[in-house]
Structures are given as C-alpha cells and as structure tokens.
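Engineer: Okay, here's what each chain looks like letter by letter:
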Amino acid sequence: MLLAILLILPLVGAIAIIASPAKHAKWIALFISTGIFIYSLTLAMSFEHWTDGQFGLASEKPFQWFEQFGITLSVGVDSVSLLLVMLSTLLMPLCIWGSFSAITERVKEYYGWMLAIQAAMVGVFIARDLIFFYICFEFTLIPMYFLIAIWGGENRAKACIKFFLFTFTGSMIALAGLLYVAWQYSISSGDWSFDIAQLTTFASTELTASQQAWVLLALISGFAVKVPLFPVHTWLPLAHAEAPTAGSVLLASILLKLGTYGLYRFILPMVPEGLLYEVTLPLVGWTFIPLQLIAVLAIISIIYAALICWVQDDIKRLVAYSSVSHLGFCVLGLVALNPLGMQGSVLYMLNHGLSTGALFFLVGMIYERYHTRDMDKLSGLSKSMPVWAFFMVFFVLASVGLPGLNGFIGEFLCLIGTFVATADNTANPGILGPWYAAFAAVGMILTAMYLLMMVGKVVFGALKEPTVSHDSHHKPLPKDLSIREICVLAPIAVLCLYIGLQPKPLTDAIQAPVDEILAQYPPIVNRYHASQSRPDDFVLIQQSTEPGGAN
Amino acid sequence: MMLLNQIMPMILAQAEHAQHVNVARLNDQFSWASMILWLPALSTLLCGLCAALKIKNKLPAWITVASLGTSFVLTLLLYINYSGPTIVHIFDWLNLGWTSNSQSVNFIANFSLYVDSLTLLWMLFVTGLGTLIALYASEYMESDVGKGYTRFFAGVSIFLFAMTALVMGDNLVMLYLGWEGVGFASYWLIGYYYTRPSAVAAAKKAFIVNRIGDLGLALGIYLIWHNFGTVEYSVLFEILNGDGYSQQAGGWSIHAIPYLLMLGAFGKSAQIPLFVWLPDAMEGPTPVSALIHAATMVTAGVYLLARMYPVMLLDQYALPIVAWVGGLTALLAATIAMAQHDIKRIFAYSTISQLGYMFLGLGVLTSFGAAYHVFTHAFFKAVLFLTAGAVMHGFAGQLDLRKISGLRNMPGWRIVSYTMLIACFCLAGFPGTSGFFSKDAILAQAFVTPGYGFRILGWIAIITAGLTAYYTFRVWFRICAGPVQFEMGDEHHGDDHHGNQPHAPRFAINFVLIVITIGAVLAAVPFFMANTTEGAHGGWVAEMIYDSSAIHGLPHQAAGAETQHATLLGMDPHTAMYFVSGGIGIFGILIALYLHLINRKAADSLKNALLGNSLTRWLPTAMENKWYVDEIYHAIIRAPLWIIGHALNLFDLWFVDRGIVDGIARIPKLLGKVFQPLQNGILQSYGVSMAGGAGLIAVLVIVMPDLMQWLGNLLGGGG
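Protein chains in written order, with this note's numbering: chain A, 104 to 654; chain B, 388 to 1106.
No lab work stands behind these hints, which were simulated from the structure alone.
Where hints are given, some of them may not hold.
Claimed, not checked - As a list, the in silico EDC-like pairs of lysine to aspartate or glutamate whose alpha-carbon atoms are at most 16 Å apart:
no.: 1; chain 1: A; residue 1: 607; chain 2: B; residue 2: 479
no.: 2; chain 1: B; residue 1: 445; chain 2: B; residue 2: 529
no.: 3; chain 1: A; residue 1: 486; chain 2: A; residue 2: 568
no.: 4; chain 1: A; residue 1: 582; chain 2: A; residue 2: 568
no.: 5; chain 1: A; residue 1: 480; chain 2: A; residue 2: 568
no.: 6; chain 1: A; residue 1: 582; chain 2: A; residue 2: 479
no.: 7; chain 1: B; residue 1: 790; chain 2: B; residue 2: 874
no.: 8; chain 1: A; residue 1: 486; chain 2: B; residue 2: 531
no.: 9; chain 1: B; residue 1: 441; chain 2: A; residue 2: 583
no.: 10; chain 1: B; residue 1: 445; chain 2: B; residue 2: 531
no.: 11; chain 1: A; residue 1: 480; chain 2: A; residue 2: 417
no.: 12; chain 1: A; residue 1: 261; chain 2: B; residue 2: 787
no.: 13; chain 1: A; residue 1: 261; chain 2: B; residue 2: 1049
Can you make the complete structure from the sequences, with help from the hints?
Structural biologist: This is the structure we're talking about:
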C-alpha cells in the first residue's frame, strides 16, 4: 500500500486540477508533485533492501484483478526500480515548475496530463505483475500523445501520430512475447499467473533455447523502439523537436529508460539462452547470436547518431539525437553481461536522465526567449545570459562524460564492462570484448565534437540574438534566467556533481540486483564459447608461462 | 635482429633493478596531504562565489594565490617529511566488488593519493609555478577586473585541482580524472576571450584532439585492468616487479598497453601526430600559456610514461617508438619555429620541440634526463612566455617580432629584457645553464643506449639543438636588442589611458619574472648536488626518481650490464656532449646574432634568395605554413567526417524515416486500396472473392506445416 500511494496521489491530483479553477492548476500540480517527491524520499529512507537486492515495500495481499487469470495489481521495488522511481518523482516537480511560463493555454488539461503521466511512469517501475506493467507501459503514451498534440510545435500532428503508432506497434509485439511466456507457464503448471518473478524464473529455466529466442525477438522489437536503437529511432527526433519542453524532458529522462529498463528487467533475466542462441538467417546464411546483434546495433546507434548530431542546425534535434547516441552506451553495458557494464548501464540511465533532461530545459529556456532553435541564428549568449551559459556548459560537460561529473561514471563502467566481456574473463565471461569497446569509445570523441560545436556556436562567439516580438499574453521573461529557472536547474546540477564524486552509495545499491541477474550467465556463456573454436590471441599472461615464453 | 639482441640485455638488467622499488603503504600520518588537492578546489568554489556576488575587485586573484601558495607550502612540508612511497586515502570513489562464478572480483579506483618522489618532483614545480603565475596574472589580467577576472581565476584553480589529481592520484582512473580535468581547464582558458571566433575554435580543437589521446589512455586503462586486475599503482607495480614479467610473454592484450598509453601521452604533450592543438592554444591569455601550455599540463604525458615505465617496458618496441616520435617532433617543431613571426607561437613550437626531447629521453631509457628536462624547462619556458606576455600586455597585443625592437633600452623594460635573455640562454643550451645540463643528459644517452637507430636520433637531436639556439636568439635579438622601434598592437584595454604608448610592467610581473628566472638559473644546481642514495648518479633529480616507478631509467644504472660503453668522437658520450651541444648552441646563437642583430637585412635577403630559387622555394614556404599539417588533417579527417555526417543525416531523414518507416506504415493503406475494388456491391464479384478466399485458405492449410517448419528452421531448427 505504501507504494500504491505513489500511483494514486498523482491521479487524485489530476482530478483535483480538473475540478478547480484554471489559475490554481499549476500550483496544485506543483504542490502535489513536490509532495510525491518528498513522500518517495521518505520511502527511500525507510527502504530496507538497498544492498541485498530483494524486493521491498511489496503489497502483502495484492489486489486480485482477474482471479481466474492470476492477474493482480501487485507492486514492489528493488533498489534499481526505486532509483528510477526517485528519478521520475524528482524530475516531475521540476518539469511542472519549469512549465510555468511556457504553458499559457489549456493549463488545466496540461497539468492534468502531466500528473497522469507521472502515475504511469511510476507504475511501470513498481509493477510486479506483467499485465499491470504493460498497462502502465502503454498508458505513458496517451498523456505524451496529448502533450505533443496540443502544446507541441508546428509539425506536432505528424510527430505525435508517428510517436504513438511507432512505439505502440513495438510494444504490441512485446506484449505478444510476454503473453507467450504466460501461456507456456499456464500449460506447464496448469495455472495462470502474471507474476513477473514467477514468469522470469519459468522462462529462463523451462523454455527451450529456440523458444527463448522467439520471445527475445518479440521483446526486443518493443523495447528497442523505446530505447531507441538504430534503425527504429526515427520517431525520437521528430517527437522531441515538436514536444513542449517538459514533454521533451520527460521523454528523454524517463520514457526512454522504459526501453532499457525493459531490457534490464525482462530480456536479461528471462531469456539468457535466447540471447546466446545461434541464429542463421535464411537465404543469406549469416550466422550470429542475438546478443552480438544488439551490441552492434548499439554501437551503430552511438556513432551514427553522433555524426548526425554534428551536422544539425536545430539545437533541440541535436540534443534528441544525442540521446540515441548516449543510450547506445547504456544498451552496450547491459549486454556486456558483467557487473561493471551492467552497473554502468543502470547508472547511465540515471545520469542520462539528469543531464539530458537538464539540456532540454536549457534549450527550452532559449526557445521561450527567442522563439528559435536554429543555431545559426543564435550566438555568443554567454554575453547576455551568463547564468544560462554556466549551466549549459556544466551540463554539456556532464553529458560529454567529464570525470568528476556523473556522466563519466556510467560511461566509463559501460565501456570497461564491454571491453572485458571476453571468454578469458573467468568470473564473468562475455562475448563482446576490446573491439566492441574500441568502436564504442570513438563515440567519446564524437560526443565531444558535437556538443562542443554546439557550445561554440551558441554559448561562445560574438553575440547574436534574433529580435523577438513579444505577444501580448506572454509575460516577458527576464533576459537571463529567473530565480524559478535557476531553482529548476540547480538541484540537477548538484546531483550531477554529487554522483560524479560519490557514486559509491549508488554502486553499492545496484550491485546486488545486478549480481542476481547475472548469476545464471557464466555457465551459459561458457557453453557458448566451448561450442565455438576459440580465438587464442587474447590470452592472459599468467597462462602462458611455458618455457621459452619468458626469456 | 642484431639490434634486438643488443637492447634485450639492457632491458632485462633494468627489470632486475625494479625489485628494489619500495612498496607503498597506507599512511594516516599524511592525511593532511589531501589539502594539496582540496585547496585549489576550494579556491574554484570561492571564485564561483565571487562571480555570483558580482565582486569587482582583485579578490579572486588573492584567493587563488593564497590557496595555491598554501598548497605549495604543504607540498614542501610533504617533501621534507617524505620517507618512502605512501598512500593517503581520501574517500572511496569507484569501488566495486562482487563474487561471480565463485571468484571474487573487484574494481577499485578510490580518491587516494600516491606520494612518491616522482609525485613530489612534479608537485613542487606545479604548485610553485602555479602560485607565481597566478600572482603574475593578478596584474596581467587587471583590465578584466569585473568582467572575466573571476572566470579566469576559477579556471586556473580548477586546473591546479585537476593537475594535482593527475599527478597525485594513486590509480589510473584518478589520473584519467585529472587528465580530462586539465583538458577541460585548458579548454576553458584557451576560450577565455570567447567573443573571438579563433579562440573558440582553438579551445574546441584542443579539447577534441586531446580526446583522441584520451581514448588511447582509456583503452590502455581497460587493458591494464583486464590483464592485471587492478588500476592501482601500488598493486600494479607489485605484480610487475614480483612476477618477473618479460617482454615476450603474453598475447597482444599485454603488448598493446604501452602503445595505447603512448597515444594518450602524445595527445596531452602535443607530439606527432597530435601536436596541432598546442600552437592554436596560444589564443588563451599568456599566463595560461605559460602555466598550462608550457610548464605543467603538457608535461603530463611525460609524467604518465615515467610513472608507467614498468608498463612501457612490456613491449620491446614501445620505448624506441617513443624515442623516434620525440626526436622527429623535436626537429619538425624546431623547423616551424624558425619561420614564425608571432613570438608566442615561436615559443609554442619550441615547447613542442622541447617536449620531443623529453620523450626522446624516455625512449632512450633515461627517465632521469626526461624528468630533469621537464623540471628545468618548466622554469625557463615559463619565463619566456611571461616575458612575451609582458610585451603583449604593454604593446597592446603586439607579438610580431618584426615590429618591436630594442626593448632593453626602453624605460621600465630592463627586467623583462634580461630575464628573457637568461631564459633564452637556458633554452638554447648555453654551457653552464640549467637547460644545457638537462638537454645533455638526454642527448648523451641517445649515444649510450644501443637501440633502433638511437645514434641517428642523437644527431637529429644535436641538429635540433642548433636550430633551437638559432630561433630562440632570433626572438631576443629582434625584440630586445637593436634600435628602439615599436608599433602598437590593435588590442586596447577598456581602461587604457596610455593611448599609443607602451606601458611597462609593474611590481607583480617583474617580481614573478625575477623569482622564476632565479629558479631557472638554480635549476642547474640539483645536477651537481650530492646523492644520498646508493647507485643514483645525477644528483637530486636522480634521487627523486630513485624511489619511484621510473627508476628503470636512472643514469648509469644499466651501464653496469654493458660490455662496451658506446663512444662519441672517441670520448665518453657524456663528456663529449658538453663540447658538441655547447658548441652547436653557441654556433646557433652566433648565426642569430648576425642575421637578426648585426645585419638584419641579410635575413630577409637569405629568405628571398631561397624563395627566388625554384628548387628551394618550398622550404621556407612549408616551414612558414607549418608543413601544412592542419590542412592535411582537415582534408583527410574532418572533411570526410563532415560529408559522412551530412550524408547520414539525409539517409536518416529520407531513407530510414520517410522510406522504410513510413513505407511500412503505408502497407495497411495499400492493402486497403488493393482490396477496396472487391467491395463494389456486385454479387458476382463477391462470389468470386469468396471462392478465392476459400481456395486461399485451402492452400494455406496444405502449405501450413511446411511453412511452420520453415519458420522453425529460421532459428536453426527448433531447439
């Protein structure tokens, strides 16, 4: 029940907003969302399973929804879920507060939808029942659809339809995969259940490798669209470019994480055999294993999107494509199959949520002032907006992965995890390795290139501001950031610095759940390597002590 | 293979020495040493506070000078109390441990300090020069008080923080933190005059080129962890020293490590092929050029390789390659420096050239020579930049050596002129100066160490020494000697009351110049100081190396293993080198004296003669245009990437999105169009379609088993 309050409160708030006058809407929304954040903080402080990887705060007797199918509304969080819940409850009040000046029309609906999406996002992370999870997962689409469709930019109609259909199609396929697992479970045990833990254990142990491979195909179709991975990423730049600022922030910070969270929560624990199942493509006869394919797609995403970023003129599209590039690292870390990569990946989810969210805020603040996102029309803004410039440079550095700030921790761990994911790594064998890491690491250089290009154009250089005609119903904003805007950015900046210097509490919290997921992998990966003719050029030095080796 | 046989006994002999290295131990006694790291960070925060409070006086400068000065004093205290390698733990940073497959694994990279003599050697000049140059900048930057003043000093403070982390960190990840941190500080300060497009471009270039090197360093760190299971120096050195690692052992994953670290070092220390950012970095304020781009940050690459010397020995070709890259960079940069007119750029290329010497030293197995040259170079190059800065400050940004003359005879410029002269003597390697001894240690070793054409490298380095003497004194004779003439630059300070008259430097600048010049002169003394440590020749600096991982490169240490000592001109190379390099240095100075003081017209006519001859025309042109390296990089890297970027952008928009995605989305609509004619209300056609549908179902039922089997085969056959 403790967790369910997180779900109910925003819905109550949404109703309250609709019932009260428009001028109070934003204050109610801010009040409710701040309250939810504080409540989630108290939950986090009383949470007992920070380091043991267990699920806590679970409902004792979950509400039976469809008893004959075993569908319940059970909730519960482990440390990873709770961290993601915290991320969404933290960002929501900031998003609402950040929208105060931008949203002047249909405010009641706007804040209502904002709270509705919060309920859905939290629901995804706390659900312990598959159907409940899926409903929340899909329900995030509806508020976002309206946020884009009503308060979006010029191309909003096209953007929201593409966003909706694209992700909806993907998740339908994922649902098919999940239902298949449940169906198989009902066949084998004679009883229906949609409990995620039960189905996960069942799928990973009882399903054959080829069944798992099919389930994997279904799940990855859904989650890859959400992440998004190349080549199913094209809804993202469009949706981001057209969404209102807060919508972009939520999209980048939380909704994209649903994809990686899906990988983390469902694909990795459920279908270990499927990930390492050798697939031969008909007709062409190419042989590969899905894990490698996912890693290659992640690397393509990193480099491809980074190069596209570099030639953008629209600053918001640039930040949007940068998400595609960044989340490539995140996916890569997950499929490294070792705690370094996976910890890095979970940290990456949090860090990307903070720093890219902040970048969208910053872009939005510019758009509100100048009504343009064209980098050729803006230049040298550090002259007119020094505070904004400071935050811009700060979050760009966090995003570039400057050590000492948060981005570095995740990126470094993801890359080293990928690097050491070889057969020689006896504790955590993997199937990626140095070449994967080396290619992905080129992304480090490209990230610096495009983000510094943006900073060089917009923040530095000779001052160039477009002239803006103020419309009557917008209260003119101050030239530099207002106190409200600083208060939106400052908590994120503090967190970025804190995580950069003190990641230990987080890594300690993430360790146990990650270890649990990975526990089943070493034998499977070893079996895979045994079946391959192993390349022997990557040999540990300790092993080659035969005479003649050392002179 | 001959060479291989020659060099192997030497390196193996060195590996034996490694066992004498003291193993570091955890020490709570020195926990105050962490303040050396935190004081600059505190200073950054306070400068930030000054910016927030819009303070419009010199307070940020005094905060910075005070905290850096305290940092220096603490370093000095640490040096006095030093008694062997020590680890000071500050807090846990990246500290992961887990058990998997019944093995316990950990990845530990804490915020900890590793204090050994190499650390102290570096920290002494980093904090010392940092303090002095911050003091210099308090006057130099005064026209920006209330504008960029706090931003500047925040940058300097954060640089010192990062540099301290780089040098004092006890593991490679913390070194990486400092490594990227100094890169950022450099970016921040090069782009200080952010309204100038050239400064913004230079800052960006510096960061990105450095990132290429950083990529190498990062991959090197991953490989080290992969092979040795640790990134902490103390553990790593214990493994390397204890197990008798030899160069032939191990697969490519071991042998790749030195090359990757090398790439990092070449990026940070501006060596071929990654040197292109340093000349452009001169867009930054001059104190920054002196501190970051001459004395301290650019020597980080030398520090990395000296610190990782045991790792560099893991591949037998690694150090020879370092030597060749260093030697060739020294020559290339010196030739460019000869043909430039901007004195800051001349000094920038000179820095690249001198860094080349340091890498040459590392490569020919004298980490002592390299470290000593870092130490002396830090002082005299700082003086050169600071005097150039004083000129720039006083002459409204004028840096063209053709437009200022006779500085020493102008009122108030005497200190600048003569400190510059002394520094020039050091750089030129004039006998008796500090630069003379440190350079000779490297040059002589090139003739001592047998190896891959090291003698050729030695001669290249000697020629470069002559070129160095020439271009150094070209600057001094042009600017400081000769008839008094000047032309003001075009940068006027906002509060400039002097109009078109130069204004001479005042107390802070002169004081700092004198102090650092004294340091540059005295830097010769350590070479002669007695050792207390057995087996270390080369005085105090050698002693500072003795306790550290760079011990392998001490002078004469390997000589014990040699059967015949190499000779140069029939003498011991160390003795011979005093005459050879001293002689060529003086020769270079004399040529400069003739061409740029006695008969300045001769220099022009010489150049015109070269340009007039179609056979030699390319030489001065290529030198003046920096051998077109920037243009080549643009053509082979940046331009193709730019084209690929645009191509991918269009591909993404038109093919992936409009083509495939929208295409698939159109399929239902198309299907609808296909079947639409069927619903035409004519009974017969409904009948036909019903029959057709039944037929289709029948076919499907027949085909279905095959279809299912095909689908099963798709994934390799069911199981």
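Engineer: Take the hints in turn and mark each one as holding or not.
Structural biologist: Structure-based check of all given hints:
Only pairs whose Cα atoms come within 16 Å are accepted, and residue 607/A paired with residue 479/B is accepted, the gap being roughly 7 Å. Of the pairs offered as hints, the one joining residue 445/B and residue 529/B holds, with about 8 Å between alpha carbons and a cut-off of 16 Å not exceeded. For the suggested pair residue 486/A and residue 568/A, the alpha carbons sit about 11 Å apart, so the restraint of at most 16 Å is met. The suggested pairing of residue 582/A with residue 568/A holds, with an alpha-carbon distance near 11 Å, which does not exceed 16 Å.
Taken as a hint, the residue 480/A and residue 568/A pair is honoured in the structure, with Cα atoms around 7 Å apart against an allowance of 16 Å. Proposed proximity of residue 582/A and residue 479/A is contradicted: the alpha carbons are some 20 Å apart, above 16 Å. Distance check on the hinted pair: residue 790/B and residue 874/B sit about 6 Å apart at the alpha-carbon level, within 16 Å; holds. For the hint pairing residue 486/A with residue 531/B, the CA-to-CA distance comes to about 14 Å; that is within 16 Å, so the pair holds.
Restraint check for residue 441/B and residue 583/A: the C-alpha separation of about 15 Å stays at or below 16 Å, so the hint holds. A threshold of 16 Å between alpha carbons decides the hint, and for residue 445/B with residue 531/B the separation of about 10 Å falls inside it, so the pair holds. Between the alpha carbons of residue 480/A and residue 417/A the distance comes to roughly 10 Å, so the proposed pair stays at or under 16 Å and holds. Simply put, residue 261/A and residue 787/B have alpha-carbon atoms about 59 Å apart, too far for the 16 Å limit, and the pair is violated.
For the proposed pair residue 261/A and residue 1049/B, the alpha carbon gap of about 11 Å is at most 16 Å, so the pair holds.
Hints 6 and 12 from the earlier list are contradicted by this structure; the remaining hints agree with it.
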